[in-house]
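Peer 1: Quick note, the sequences are listed as chains S, P, H and A, same order. Quick note on numbering: our numbering labels position 63 of the first sequence as 63, and the sequence is numbered without any gaps. Quick note on numbering: our numbering labels position 55 of the second sequence as 55, and the sequence is numbered without any gaps. Quick note on numbering: our numbering labels position 243 of the third sequence as 243, and the sequence is numbered without any gaps. Quick note on numbering: our numbering labels position 175 of the fourth sequence as 175, and the sequence is numbered without any gaps.
It is worth saying that the hints were derived from the structure and are not from the lab. Take these hints with a grain of salt, some might be off.
Identical copies go unnamed one by one, so any copy, or any two together, can satisfy a pair.
[To be verified] Below, a list of computed lysine-lysine pairs in the DSSO-like style, where the Cα atoms sit at most 27 Å apart:
1. K230 x K254
2. K254 x K143
3. K254 x K41
4. K192 x K254
5. K192 x K230
6. K41 x K88
7. K215 x K254
8. K95 x K192
9. K230 x K95
Protein chains: 4
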Amino acid sequence: MTTDDKILRVALVGATGYTGLELLKLLVRHPRVELVSLTAKVDKPVCIQREFPVLEGLIDMECRPPEPAALAAADAVFLALPHTVSMKFVPELVKAGKKVIDLSADYRFPDAGAYREWYGAEHLDPAGLPEAVYGLTEIYRDKIASARLIANPGCYPTGAILGIAPVLEAGLVEPASIVIDAKTGVTGAGRKASLPLLFPEVNENFRAYNLVVHKHTPEMNLILGEIAGKRVEVEFAPHLLPLNRGILSTIYLKPARPIGEEDVWERFQSRYREDRFIRLLRPPALPELKDVAGTNNCAIGFRANPRTGNLIVVTAIDNLLKGAAGQAVQNLNAMEGWGEGTGF
Amino acid sequence: MTTDDKILRVALVGATGYTGLELLKLLVRHPRVELVSLTAKVDKPVCIQREFPVLEGLIDMECRPPEPAALAAADAVFLALPHTVSMKFVPELVKAGKKVIDLSADYRFPDAGAYREWYGAEHLDPAGLPEAVYGLTEIYRDKIASARLIANPGCYPTGAILGIAPVLEAGLVEPASIVIDAKTGVTGAGRKASLPLLFPEVNENFRAYNLVVHKHTPEMNLILGEIAGKRVEVEFAPHLLPLNRGILSTIYLKPARPIGEEDVWERFQSRYREDRFIRLLRPPALPELKDVAGTNNCAIGFRANPRTGNLIVVTAIDNLLKGAAGQAVQNLNAMEGWGEGTGF
Amino acid sequence: MTTDDKILRVALVGATGYTGLELLKLLVRHPRVELVSLTAKVDKPVCIQREFPVLEGLIDMECRPPEPAALAAADAVFLALPHTVSMKFVPELVKAGKKVIDLSADYRFPDAGAYREWYGAEHLDPAGLPEAVYGLTEIYRDKIASARLIANPGCYPTGAILGIAPVLEAGLVEPASIVIDAKTGVTGAGRKASLPLLFPEVNENFRAYNLVVHKHTPEMNLILGEIAGKRVEVEFAPHLLPLNRGILSTIYLKPARPIGEEDVWERFQSRYREDRFIRLLRPPALPELKDVAGTNNCAIGFRANPRTGNLIVVTAIDNLLKGAAGQAVQNLNAMEGWGEGTGF
Amino acid sequence: MTTDDKILRVALVGATGYTGLELLKLLVRHPRVELVSLTAKVDKPVCIQREFPVLEGLIDMECRPPEPAALAAADAVFLALPHTVSMKFVPELVKAGKKVIDLSADYRFPDAGAYREWYGAEHLDPAGLPEAVYGLTEIYRDKIASARLIANPGCYPTGAILGIAPVLEAGLVEPASIVIDAKTGVTGAGRKASLPLLFPEVNENFRAYNLVVHKHTPEMNLILGEIAGKRVEVEFAPHLLPLNRGILSTIYLKPARPIGEEDVWERFQSRYREDRFIRLLRPPALPELKDVAGTNNCAIGFRANPRTGNLIVVTAIDNLLKGAAGQAVQNLNAMEGWGEGTGF
């Protein structure tokens with residue numbers, strides 16, 4: 001970095017959740033970023049390092065109740081908010097010429113109808129939807145470079161799509177019979193009191209939830225449909241792991257024609273040749289959550305089963321990093337034309 | 001059991017907490033007990049095996065909102081309620097001639113002043129306090145046999161007092177310098193939504209809490225003072241473990257005169273000769289939580305340190321069993337003159 | 001039980017593993033069983049309650065190095081041994097007229113060729129294979145009643161087959177496209193030192209393993225093939241959970257024709273009407289591991305997905321109980337004509 | 001950093017343990033360090049990022065079996081080796097003029113007799129002992145600045161001494177009655193297969209171990225004795241937590257005269273005024289392991305108990321960072337005259 005490199009002024013809205021904490025850890029170390037504002041749903045200003053003592057020594061800054069003035073000084077704004085809340089902030093920020101990276105689901109669908117159907121709420125900014133670019137960096141890098149509003153992907157879609165895209169876009173697998181069995185750590189559910197997320201209810205326990213109806217399903221269908229060039233309906237089954245961080249997705253695919261592991265390997269290699277955060281494993285190696293915890297990597301392994309004919313792809317991400325805060329910063333880097341790995 | 005053995009009709013108030021669940025598991029298997037009523041703070045009657053599916057096949061019974069009539073048919077009543085709530089139920093039940101085992105703190109102090117000081121509430125039944133017997137079975141077995149109202153001990157006091165009583169009552173250790181460093185599983189905090197007890201806040205974490213001010217301190221001081229025959233002020237430091245069940249207490253004692261491990265061993269052996277739920281370990285063996293999980297046992301080990309002169313006693317209990325539901329059933333057995341191990 | 005009820009003398013070979021411990025807990029409480037011998041790979045006799053202090057107060061018995069004489073007094077023998085070891089014990093025991101319940105894989109295949117292919121060892125007792133009955137009680141109850149040698153099922157096949165059998169045998173689903181995504185607790189890997197099973201390698205981690213090549217695959221194919229009346233090749237993907245006990249299997253099935261949840265419910269209900277250890281959940285309820293931990297139950301839930309057409313079945317078992325020791329005792333009960341729930 | 005800043009060539013011996021991994025993570029990010037050699041007890045050279053996939057993208061380097069030539073190019077060497085192994089490497093490295101930071105216990109005692117007594121082995125380099133400086137940076141910063149050989153402190157002594165030193169050196173507490181009840185995560189036991197450290201033996205379990213005889217006791221006594229200016233014999237009781245990382249120490253101290261929390265606060269504040277890695281909490285706040293996980297911080301809180309007169313200090317560190325690798329890098333920084341926080 002030369003001394004006249006531009007420093008971007010960044011604001012973070014929603015600083016006190018698990019994603020907010022990870023954004024803070026990344027942004028305070030980012031060489032091109034100056035944090036100018038932290039806000040969250042707090043009663044009165046609090047020092048963010050009191051709320052998260054693990055930040056002591058890294059940052060000394062107040063987190064304040066949200067107010068428009070707080071964002072005025074920012075060039076770019078990260079919104080780490082629940083869905084239906086982000087869309088109250090976005091229109092004004094975009095109008096004010098700020099770059100916006102929204103980590104909620106509010107701008108992931110080009111179509112307010114899909115939003116209404118799956119999120120059960122009327123979209124407040126349907127006119128703003130076409131502006132948004134889906135921020136799966138490895139897939140939409142070019143559009144992200146010129147975007148002003150990023151819809152940062154859901155954690156599950158990130159892990160699933162990255163494992164499917166290379167073979168789907170090459171026509172190697174059938175779009176019609178994709179099964180995604182995904183398992184997430186508990187931070188994926190957010191930082192709010194809830195009986196089913198109490199320690200003794202999760203510890204020594206494991207369960208599937210929201211089969212058939214999980215809100216990330218249409219997001220996968222939309223993006224995979226774009227990639228395949230035809231309608232996709234995945235079977236998506238989420239599960240809750242007794243651990244803090246990570247999503248492991250086991251993906252069952254039907255090859256369009258018989259396919260060997262060497263072919264699959266070459267396809268993944270060539271597709272992700274330039275992607276520093278994709279880590280490919282040669283069969284029979286398979287990724288584990290501890291390989292990616294604390295990183296922005298997506299690790300991908302696979303096996304072709306000669307008995308069944310299936311191709312099984314396994315991906316691992318840290319749900320709070322590649323699945324949220326890390327990918328958001330990767331997107332900022334891509335928007336600004338910095339190297340995607342800047343600050344990691 | 002002969003066919004004309006008496007079957008006791010038992011009611012459980014507060015069936016939907018962690019302690020309630022353990023009481024249910026014990027009572028449905030108890031050969032002398034018939035469960036006649038379950039109540040809890042529920043909006044409408046629920047099948048208890050729907051609330052706790054682990055009970056499927058063991059019980060098929062409704063749990064109802066509390067109402068006096070539900071208790072009329074019972075000979076004995078277990079109250080698994082928060083403190084300040086139990087004392088609203090007890091007076092009427094005692095007056096109706098029912099045997100009552102109260103698992104809250106409401107009847108543990110003979111004196112309403114201590115209750116007010118530590119629990120911050122005025123006692124509603126001060127006249128009923130002298131009736132209550134402190135239900136630490138190994139210490140007060142004789143009084144329990146003729147009691148009508150049992151104040152079941154706190155989980156921490158149970159683990160601590162059982163490790164100290166034998167050497168304290170024999171004058172082997174100084175009453176003035178007792179340190180109790182105790183570590184509990186999360187079920188000890190009850191089954192209610194709370195941010196600090198959310199899985200990601202407890203998992204991979206460990207902390208001390210309520211140093212100096214924990215409500216179980218005066219209970220230990222009271223009982224240990226009775227045992228020592230003089231005033232006792234323990235240093236009690238509770239900690240929260242990232243696991244579901246168990247309390248391990250590490251207790252630091254100053255011998256009144258130099259003492260060897262063999263002497264301590266003989267003292268514990270002779271004191272607990274007839275106590276089926278006390279498990280003594282010979283030095284250098286020490287108890288672990290997994291040795292007692294799922295049992296009503298209190299495992300006790302110790303070391304004498306020749307360098308410092310200290311005696312260190314380590315005790316392990318399952319906080320939900322010997323620390324709550326198990327000891328409550330042991331007390332019922334003692335009250336009824338059945339063998340203390342009946343139903344375990 | 002009347003006083004002249006027969007008491008069966010039982011020996012346990014392999015008492016010091018995780019399955020051995022669970023068998024001990026069940027057998028000491030079983031009203032029709034007298035434990036007459038415990039053996040294990042130990043250097044010299046050890047009190048079993050010293051090896052497993054959680055048994056203190058329940059049993060006081062020596063566990064000895066294996067020797068033929070130790071088994072002479074037994075009417076029935078449980079073998080909780082690794083595969084390739086059991087088959088060294090079985091022939092002589094069967095010849096001596098003892099009932100044998102083998103918890104290893106050694107007698108699960110009627111054909112020594114399949115054993116050689118998947119377990120990489122020559123079978124030492126091919127002539128004994130036809131004698132063995134596969135001990136999935138809910139499926140082979142009638143044959144078990146007259147069996148002398150039980151091949152107790154693998155933990156994964158138990159959870160998978162029980163979720164598939166009712167709809168497969170009724171022709172409701174395609175045999176050709178079964179996907180079983182299963183997740184097990186760590187006790188499933190046995191009690192032996194191993195770097196990948198060290199606490200810090202498993203805790204906060206999750207991974208798939210042995211995709212395509214897991215030894216339980218042919219066992220599922222064999223039994224499901226018998227049930228379907230045609231060749232079955234399942235896709236079986238096992239995963240390792242950071243918890244002690246339980247297997248959750250998420251099973252993806254293609255209906256042979258469009259099917260509603262009500263039809264599936266009726267099919268499961270009628271198939272398992274008399275099975276006390278099967279617990280069916282009405283959609284949208286799904287089983288969790290904590291619902292079955294410590295029980296011999298298999299909990300089963302399911303969803304039909306109108307978008308994809310798939311039927312998804314989720315089953316939960318305790319891998320050490322219904323998946324091993326519990327089912328073994330259930331089989332003993334079935335062999336002896338006692339109620340299957342005796343001793344649970 | 002200006003472009004002509006010196007880059008230090010660093011070697012790491014023992015790269016494949018838990019401490020080695022943390023050293024790697026720190027050293028690859030350190031702006032003044034170039035890693036020139038990795039060795040470990042491996043059969044043949046392995047890419048370190050294959051052994052620890054979490055390093056993928058951060059490093060691409062071979063780890064080789066140890067051989068003297070590998071260290072020749074290094075200016076400084078970190079030894080992350082078991083005790084009794086380090087002292088085979090140290091003399092030659094020191095003679096060759098390299099700066100050495102030894103993370104084992106081999107050079108922590110000035111006296112080979114104490115080493116023999118507690119570690120049960122004859123010291124191979126008694127003449128080298130006086131050269132070593134005990135690397136508790138906050139206490140021995142000045143001596144470290146000119147040291148050539150650092151004995152990096154044990155994990156437990158680090159957490160304990162930092163909580164005691166300020167009040168002990170000021171004469172505020174009695175040196176004669178210090179009790180240290182410490183609880184560690186499992187990585188503290190190293191990365192080697194061992195039955196008691198198997199996941200199911202540690203998970204849902206908690207235990208004290210090595211009471212009275214733990215090898216870190218004399219290290220605490222030595223350093224605290226130097227600080228107090230008189231003989232110290234602490235009571236040190238270590239415990240094993242079911243989590244990966246962190247040590248929480250609860251320390252019980254007898255004030256020399258009555259003391260208030262404000263006095264203690266001022267004492268800690270003034271003692272650690274310039275220490276960036278010490279984080280003081282005002283009563284009643286107390287540190288938690290999650291506050292320090294992943295950091296080089298030592299968080300310190302305390303309470304004065306008016307009832308007992310005791311002062312209770314609680315400290316929290318990440319055992320792999322401030323308790324090992326982090327403090328080692330902090331020491332390198334201090335030796336080189338860089339800011340202590342360089343590279344964190």
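Peer 1: Now tell me, hint by hint, if it's right for this structure.
Peer 2: Evaluation of the provided hints:
In this assembly of identical chains, K230 and K254 lie within 27 Å of each other by CA distance both inside one copy and across copies; the values are 16 Å within and 22 Å between. For the identical chains of this complex, K254 and K143 are neighbours neither inside a copy (30 Å) nor across copies (38 Å), given an alpha-carbon limit of 27 Å. Neither within a single protomer nor between protomers do K254 and K41 lie at most 27 Å apart by alpha-carbon distance, with minima of 46 Å and 44 Å respectively. For a Cα distance limit of 27 Å, the shortest separation of K192 from K254 qualifies neither inside one copy, at 39 Å, nor across copies, at 38 Å.
For the identical chains of this complex, K192 and K230 are neighbours neither inside a copy (39 Å) nor across copies (47 Å), given an alpha-carbon limit of 27 Å. Within a single copy, K41 and K88 get their C-alpha atoms as close as 14 Å, which meets the 27 Å cut-off; across copies the closest is 39 Å, which misses it. For the identical chains of this complex, K215 and K254 are neighbours both inside a copy (24 Å) and across copies (23 Å), given an alpha-carbon limit of 27 Å. Taking the shortest alpha-carbon separations for K95 and K192, neither the intra-copy value of 32 Å nor the inter-copy value of 44 Å comes in at or below 27 Å.
With identical chains, the CA atoms of K230 and K95 are never at most 27 Å apart, being 34 Å at best within one copy and 65 Å at best between copies.
When the structure is compared with the earlier hints, violations turn up for hints 2, 3, 4, 5, 8, 9 and for no others.
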